[in-house]
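Novice: Chain by chain, the residues run as shown.
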Amino acid sequence: MNNSIVVEARDLTVRFDGVVALDAVNLKLQKNELRCLIGPNGAGKSTFFKCLAGMQIPTSGEMIVKGEPTTGFDPYRIARLGIGIKTQVPSVMNGLSVKENIWLAARRTNPTKRANKIVSDILDRLNLGDLASLEVSTLAHGQRQIVELGIVLAGDPWLVLLDEPAAGLTGDEVERMISVIKEINDYATLIVVEHDMHFIRRIAKMVTVFHRGRVLIEEDVDTVLSDPVVRDVYLGKRQ
Amino acid sequence: MIVSGAKEIITTVIVGLVLAYGLPLGIDTFTLTVLSIYALLGLSLGFIWGFGGILCFGQAAFFGLGAYAYAISAINFGTPWIPFFLAIIIPAIIAAIFGGMLFFGRLNDVYLAVLTLVFTLILYKFMNVTAGEEYVIGKARLGGYNGIPGFETLSLPWDPSEYIYGDSLFYFSFTLLLVVYLGLRWLLRSPFGRVMIGVRENELRAELMGYDVRLVKTAVFAIGGGVAGLSGSLYANWAEIVTPNLFSLGQSAEVIIWVIVGGAGTLFGPILGAAIMGYLKFLLGQQSLIDNTLVLGAVLVLAVLLLPRGIFPVIVDAFKRRGWKRRAPANRPPRGRRRRRERRDEQ
Amino acid sequence: MKIDRRKFVAGTTAAGAMAFMPNVVQAAATIKVGSILDTSGIFDLYGKPMDKAVTLAIEEINAAGGIAGRRLEKVAYDTQSNMALYTQFAQKLTRQDKVDVVHGGILSASREAIRPTLRKSKTLYFYNVQYEGGVCDRNIFATGITPAQQAEVLVPYAIEKWGKKIYILAADYNYGQITAKWLEHYAGQNGGSVVQSDFFPLDVADFGSTIAKIQEAAPDMIMSALVGGAHLSFYRQWAAAGMNKKIPMASTTLGAGNEQVVLTKEEGDGILLAYSFSKELDRPENKAFLAKWQERFGSTDDIHELAVATYQGMHLWAAGAIKAGSVERDKVVEALESGVSIVGPTGKITVDPKTHHVITDVHIVEVGDQKMNVVKSFDQRQPVDTQTVCDLSANPNDTTQYEIKI
Amino acid sequence: MDYAAVVIVEILYGISVLVIISAGLAVVFGMMRVINLAHGEFITLGGYAAITAHSLGLPIFISILIVAPVVVAVFGLIVERLIVRFLYGRLINTMLATWGLSLLMIGAMTMIFGNTTTGIPTPISGFTLGRYQMSGYNIFVIIMAIVTVLIVYGVLKTTRAGLIARGAMQNPEMANAFGYNTSRIYMMTFTAGAALSGLAGGVMAPLVGLNPASGANYIAKAFITVISGGTSVVSGMLSSATLFGSVSQIVTFLSTSVIGEIALLVAAVVLLRLLPTGITGRFLKDRV
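Protein chains in written order, with the numbering used here: chain A, 870 to 1108; chain B, 997 to 1343; chain C, 1459 to 1864; chain D, 501 to 788.
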């Protein structure tokens, strides 16, 4: 097996009550790659994402991370492999402060002192200093996205999974998100599920397009975006 | 949320001393003892519900198990102190096993509620049919509906003829209440406590951080079971008899009422709720004008409708606007997240 | 007489203090009778009439001049059918109210909850309830009928009338288990046999499968020691299946809470019972008692076995205290142990000095038209069950509740 | 074999009792995601309504089949307006409030009717099955269970009201947009559930001795049946009632009724452990 392949899906299939959400998907991911998954609603990209994150058990097929089969792992075991996950709707601890949220993520792998240090680093890095002691439930949607990103970073992951990171962000925040993603990509592998074409254009290198539970095409970003079939599927299906 | 530890210990001890001297002036210690015991039981549910996000409809199960564990082992050992500790450990272990079964099965919400309820019902029904001679544990007959009377009660470890009884049982129970309260406060401040709160806030996120939510919840449930067991063992010492009614639906309902009335999401609230409702019940018992159950029910309905956060947080808010973490009224969460958010909305 | 100086000082101080508190003088002069009963909650069906019986007996005793010239005063608490409140109120009665005697307790569990408290505080205790027997404690007098007293007369009568094969249904707790054993014991003595004994927790209300099982066993009769509201469903379901026409039934429990009135004629008629009391008892004392109750409370509908036992328990205690000339515990106990008897609505009752239980008349009654009609009376039955295990004149320090091995 | 027939009738009867006492709760839970913990007291109230009506001289079948459901429906309507409607969407809060309501009702019924166990005689006489004498009323209960299921199914599946109600429960915003008043639909559904509880009380009244605390005997079983069934009103309730009814009756025949009840509870624990969202949470999802 090629050592540089860190994530591999083999014939991954998910069925819900007879509806096929994923149909024998095969996908490989190189180390330090930044892969974008796109596709219209219901194309299967989010289902694929959930299988990878341990939030969905595939009906059949295999998921392999760094040579180890992870099919059917619970999310916490996936996370313990060093994988950071940001879900579609920000999954944060609403009743806790920004700082406490990030601290909890940092504390799992670090002793208290070191965790405190990591928290302050991340608050700086994401410009969250002003919000540090506010309760997350009081923040705007975009700010919560950033907090969630901070949580992901605090776990010091080598693989980061982001589901629609740009949704609901203001212009400034999008810029910050883009720069953080690029920064993360310096040392970690990334999978980004996204709708927003402009955003994809800004960050993507390789893009995988899902359609009706299958991989339609897997090419570099320019090829994909100029592909007439993709345009058709995407725009046609969207409305 | 976090006051400095030393300051809190000092405050608690001072308030405790004042109450320990003040309360017996107005209320007899026999009643105060049972109020302290109820407070401990309320505290156990307040802890797992308010901080662990586990709504147990059968907290009485562990209360009863503690009382029975004490009575049965006191008859077998003939001394009170080994049973006293067994009455904490056994319910905690049973809670760990039962909780583990539930949480590793990923049961939540109403399903958790129904199974904890069923658990109490099974114990209740079982204990009620143990009148026959064949139901013996060591030297102790389980006694069925009539329960187990006549076991050794707590005495001084260095002088077994000196029983902890009457006033001293009150001071003993009250001290334990303070100790457990401080212990749980300390636990909540520890890293484990924060993880636990994190799990309550958002299980999925805690999982995605790499915490094994099932294990955390099982541990929380076991601690709650141990505290309820302690309270049950004190109860056995107070009442000098244990009966299957300790496992009854009514007993479980009362605990939930205490926590709701006092305020879930705080530790002091359940204590206050238990004391107020316990005393109210006692007072109601001395009149026959209006049915006691009716009043308890009305209090619960009104509390849910008017004071869903409980009395204690409202008092705290009234006294100081700052310092207590107020929850912003939760907006209706987006559809997809409703299930997960539900628990929080309800507190 | 030598006057101890300290006692004298204490006495004068107390007298001085009392001069300023006339109420205390009065209170000290009355005799306090503690009553602890469930007058609300699920057992109030039993407790309310018992409470009335205490009131009536106190009024009668006071009208007759009280005890040793002192009037009686009732101090009552409602335990709300909650066992926890029993210990709580027993403490209150002994510590705060400092009563001279306690009458009360309904369930055996409630009696066992307060018995140690009353013993420790040396407060005399009367338990006036039909119960499983076996309590052996010099501080307590149990004036209710016990299973052997009922079974001893009921079983032979029923066997002679109906046949030898008996199917027993009993409540699944001490009372039911022990009663079933006595029924079996007397069945054996009288040439009968028990084909099956089934026990039901007090909340079981569905007897469909049991009725089918009984038919499978085809006994000559049913003996029931079922207890409480839920078990009442059995009689109803039994009649609904038409079984009451096929297999006759006897019971040691039906009617203790006036259940014969809740059942219809069709459901209840023909069931045989054994009690010390029935409203239909044709005795002058009973008629007088019913008349007084009617006058005091307006209706005699609620009177039952336990209320009468309480009424007689009060009078028995008063007779002992009058004989002793004091309400001091030890003196009253000695007086009662010397063999005091009274004649009450049920006839003559006498204290058995060895067991502190009572020797009483027992009557076999048949339910008919929602009444308990007396068919045969047996005079002065001994508490034979408790007598097999308990001898307080030999072991005055015994405090056990024995489970009688037969 | 006669005995086998008797056993089968008893099993059917066991299932029917579960269906009857669960139906009201199932409708309210399945349609509205509301657990009414005062359900047991609703049943008890139905029982008292039937007994009172009968003692006032009304014919017994009118008392149990009409008076009981109507009285409890009216009561349910009042409860919905005063309490439940403020708590929609907050499952646990509704459970707590209705638990309070149940205590309140026990207290109130004690004050009104007293603690004495009462009842009405069984209106149908027994019949003979081979060597065995059976209760005719048990057969009536089985028939009533079938009728109840058919009514609930029929209303939900075939009538316009049922369709609107199902739609509104699935997607309140949508129903609102179509001009249906969801608040009214909730109100009607809760009232219908209460009527079913009242019917259960009426039907059960001749079988059991009734006292204000009787509700406790029903609520636990009904709660377990409904939750284990899952969210589909009819198929969920039917499947779990069948499972639990058979388990408890068979075990009862083999041992005692308590072991039967414990078997029912253990079956519920095992079932929910294996299928954490109930039977229809896993299978039969799209049924009514």
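Honestly, the hints are just simulated from the structure, not real lab data. Some clues are possibly wrong.
Ranges of calculated distance between the beta carbons of each label pair, as one might list FRET restraints [unchecked claim]:
1) B:1003 x A:1065: 48 to 54 Å
2) A:886 x D:655: 55 to 61 Å
3) B:1023 x D:636: 55 to 61 Å
4) A:1001 x B:1015: 33 to 39 Å
All residues carry an ideal CB built from backbone N, CA and C; glycine is no exception.
Novice: Now, for every hint given, state plainly whether the structure supports it.
Specialist: So, going through the hints one by one against the coordinates:
Under the hint 48 to 54 Å, the C-beta atoms of residue 1003 of chain B and residue 1065 of chain A, about 50 Å apart, fit the expected range. Checking the proposed 55 to 61 Å range against residue 886 of chain A and residue 655 of chain D shows it is violated: the Cβ atoms sit about 26 Å from each other. A hinted range of 55 to 61 Å for the beta carbons of residue 1023 of chain B and residue 636 of chain D is consistent with their spacing of about 58 Å. The hinted window of 33 to 39 Å between residue 1001 of chain A and residue 1015 of chain B holds, with their beta carbons roughly 38 Å apart.
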